[in-house]
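A.B. asks: With the sequences and hints as input, model every part of the structure.
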Amino acid sequence: MIYPPEGSGVGKGQEALLLSVAEQLKQPLLYIARSSELALMEDELDRSVLRDMESHAAMALKLLDSYILGVGVASQQAALELESVSLSALLSDVAHELSPLAKQYDVELEVMLDGKYGPVMSHPQALRAALHSLGGVIVGLPTNQRQTIMRLGAHKTDIGIVTGVYHSSMHRLPGVKGIAEDPKRAERRQPFAEIGGGSAAGVFVAQQLFRCMQTSLDLRRHKGLQGFAATLQPSKQLALL
Amino acid sequence: MSKQLLLIEPDRVLGAIYARALEQAGFEVIAAQNAEQAIYAADSVTPDSIIMEWEMPGHNGSAFLYEMRSHADWSEIPVIVHTRLQAESLAKFEGALAQLGVVEVLYKSTHRLQTLINRVNEHLPVAV
Numbered sequence: 002m003i004y005p006p007e008g009s010g011v012g013k014g015q016e017a018l019l020l021s022v023a024e025q026l027k028q029p030l031l032y033i034a035r036s037s038e039l040a041l042m043e044d045e046l047d048r049s050v051l052r053d054m055e056s057h058a059a060m061a062l063k064l065l066d067s068y069i070l071g072v073g074v075a076s077q078q079a080a081l082e083l084e085s086v087s088l089s090a091l092l093s094d095v096a097h098e099l100s101p102l103a104k105q106y107d108v109e110l111e112v113m114l115d116g117k118y119g120p121v122m123s124h125p126q127a128l129r130a131a132l133h134s135l136g137g138v139i140v141g142l143p144t145n146q147r148q149t150i151m152r153l154g155a156h157k158t159d160i161g162i163v164t165g166v167y168h169s170s171m172h173r174l175p176g177v178k179g180i181a182e183d184p185k186r187a188e189r190r191q192p193f194a195e196i197g198g199g200s201a202a203g204v205f206v207a208q209q210l211f212r213c214m215q216t217s218l219d220l221r222r223h224k225g226l227q228g229f230a231a232t233l234q235p236s237k238q239l240a241l242l
Numbered sequence: 087m088s089k090q091l092l093l094i095e096p097d098r099v100l101g102a103i104y105a106r107a108l109e110q111a112g113f114e115v116i117a118a119q120n121a122e123q124a125i126y127a128a129d130s131v132t133p134d135s136i137i138m139e140w141e142m143p144g145h146n147g148s149a150f151l152y153e154m155r156s157h158a159d160w161s162e163i164p165v166i167v168h169t170r171l172q173a174e175s176l177a178k179f180e181g182a183l184a185q186l187g188v189v190e191v192l193y194k195s196t197h198r199l200q201t202l203i204n205r206v207n208e209h210l211p212v213a214v
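Top line first, the protein sequences correspond to chains Z and D.
Each residue of the first sequence is one higher than the one before, counting from 2 in our numbering.
Each residue of the second sequence is one higher than the one before, counting from 87 in our numbering.
Keep in mind the hints are simulated off the structure, nothing from the lab.
Errors might be hidden in some of the hints.
Claimed, not checked - A short list of chain Z residues far from chain D (calculated; beta carbon distances all over 10 Å):
{"hint": "1", "residue": "28"}
{"hint": "2", "residue": "42"}
{"hint": "3", "residue": "62"}
{"hint": "4", "residue": "72"}
{"hint": "5", "residue": "74"}
{"hint": "6", "residue": "105"}
{"hint": "7", "residue": "107"}
{"hint": "8", "residue": "112"}
{"hint": "9", "residue": "234"}
As the list claims (entries may be wrong) - Some but not every residue of chain D turned toward chain Z, in silico, with C-beta under 8 Å:
{"hint": "10", "residue": "89"}
{"hint": "11", "residue": "106"}
{"hint": "12", "residue": "110"}
{"hint": "13", "residue": "155"}
{"hint": "14", "residue": "158"}
{"hint": "15", "residue": "195"}
{"hint": "16", "residue": "198"}
Unchecked claim - Quick look at which bits of chain Z chain D covers, simulated, 3 or more residues with Cβ under 8 Å:
{"hint": "17", "region": "118-126"}
{"hint": "18", "region": "200-214"}
Even for Gly, the Cβ is constructed at its ideal location relative to N, Cα and C.
C.D. replies: Structure below.
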């Protein structure tokens with residue numbers, strides 16, 4: 002368990018992040034509270050409602066775990082120790098975990114690895130948590146499209162392997178060129194109001210985790226979709242391609 | 087004939103729950119996720135009441151209500167704000183809420199589905 006050191010107080014950034022996480026947690030809690038109320042009003046129990054409630058509870062718990070991981074590492078003021086990680090396996094796992102939520106929002110979930118490359122240098126637990134946190138926010142993006150796509154993607158660039166979560170309605174973030182360019186957003190109650198019903202805490206939790214992995218989160222494009230992504234360095238370990 | 091409600095809820099999954107509860111209470115629900123979709127609906131339908139989240143993607147509730155009230159057909163429709171915000175966050179909009187014909191503010195964290203249904207019924211215009 003993490004305790005702030007006595008007398009140190011909580012930094013302004015951490016306070017804003019904590020508020021943002023608390024605000025974000027309202028969404029799954031509201032879903033669970035109102036779904037159970039609705040189920041009690043109905044004569045027959047719809048088991049799919051129970052499944053949906055379970056996935057919202059799981060999402061809330063994962064957001065809390067990710068937040069605790071990020072705060073824990075940040076409080077030690079040390080970067081995470083990076084190791085060789087297979088992106089294809091990790092992205093597929095995260096997609097699998099996000100699929101119940103994507104189904105509820107009627108979002109088609111895809112994994113796209115563009116080009117051939119080996120493992121990347123990262124921290125598997127933190128990377129998984131960061132991508133999951135991003136996916137949990139982006140999946141609920143309001144959309145007018147008939148077919149909505151959320152993509153967990155990776156592609157090779159001159160400076161490394163760009164890995165992130167993209168959405169077909171992400172263009173609803175006009176004029177935002179990068180989180181780093183607008184740090185005051187994080188201090189607002191709903192810094193990404195364009196995203197929809199929450200505080201988008203998952204974006205800031207992911208940002209903190211990527212910082213702990215010595216990289217940063219930015220708005221990026223990937224094959225026609227916009228999203229949040231970070232650049233990871235290729236591992237020098239030989240990969241079996 | 088059932089009364090028509092325009093429900094503006096940015097979160098699609100949460101919106102589906104509110105819509106289902108209101109439909110079971112006998113209303114016909116037109117769902118919108120943002121102000122743009124809601125204004126678009128104004129071309130084809132005049133709802134009996136509007137239930138709306140104050141924090142919407144791209145707009146806040148007052149921008150939407152000013153736009154909505156400028157349509158003659160929509161100028162008298164009762165509006166219930168049903169929000170995830172807390173009372174102190176809405177305090178600065180108190181004047182606008184009254185001026186724009188908001189008849190009730192309900193908080194999603196504390197007000198249950200049945201309360202929402204009851205309040206909608208209370209505020210529906212009485213047929214002459």
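A.B. asks: Could you run down the list of hints and mark each one as holding or not?
C.D. replies: Results of checking the hints against the structure:
1. 28: violated (6 Å)
2. 42: violated (7 Å)
3. 62: Check passes; 17 Å lies beyond 10 Å.
4. 72: holds (24 Å)
5. 74: Per Cβ check, residue 74 of chain Z is outside 10 Å of chain D; nearest 30 Å; holds.
6. 105: The claim is violated: residue 105 of chain Z sits with its nearest Cβ about 5 Å from chain D, within 10 Å.
7. 107: Its Cβ does come within 10 Å of chain D, the nearest being 7 Å, so this is violated.
8. 112: The claim stands: residue 112 of chain Z keeps its Cβ more than 10 Å from every Cβ of chain D (closest is about 23 Å).
9. 234: The claim stands: residue 234 of chain Z keeps its Cβ more than 10 Å from every Cβ of chain D (closest is about 35 Å).
10. 89: violated (19 Å)
11. 106: Since the shortest Cβ distance to chain Z is 6 Å, the answer is holds.
12. 110: holds (7 Å)
13. 155: violated (22 Å)
14. 158: violated (26 Å)
15. 195: Holds. Min distance 7 Å.
16. 198: holds (6 Å)
17. 118-126: violated (count 0)
18. 200-214: violated (count 0)
When held up to the earlier numbered hints, the structure conflicts with 1, 2, 6, 7, 10, 13, 14, 17 and 18 and fits the remainder.
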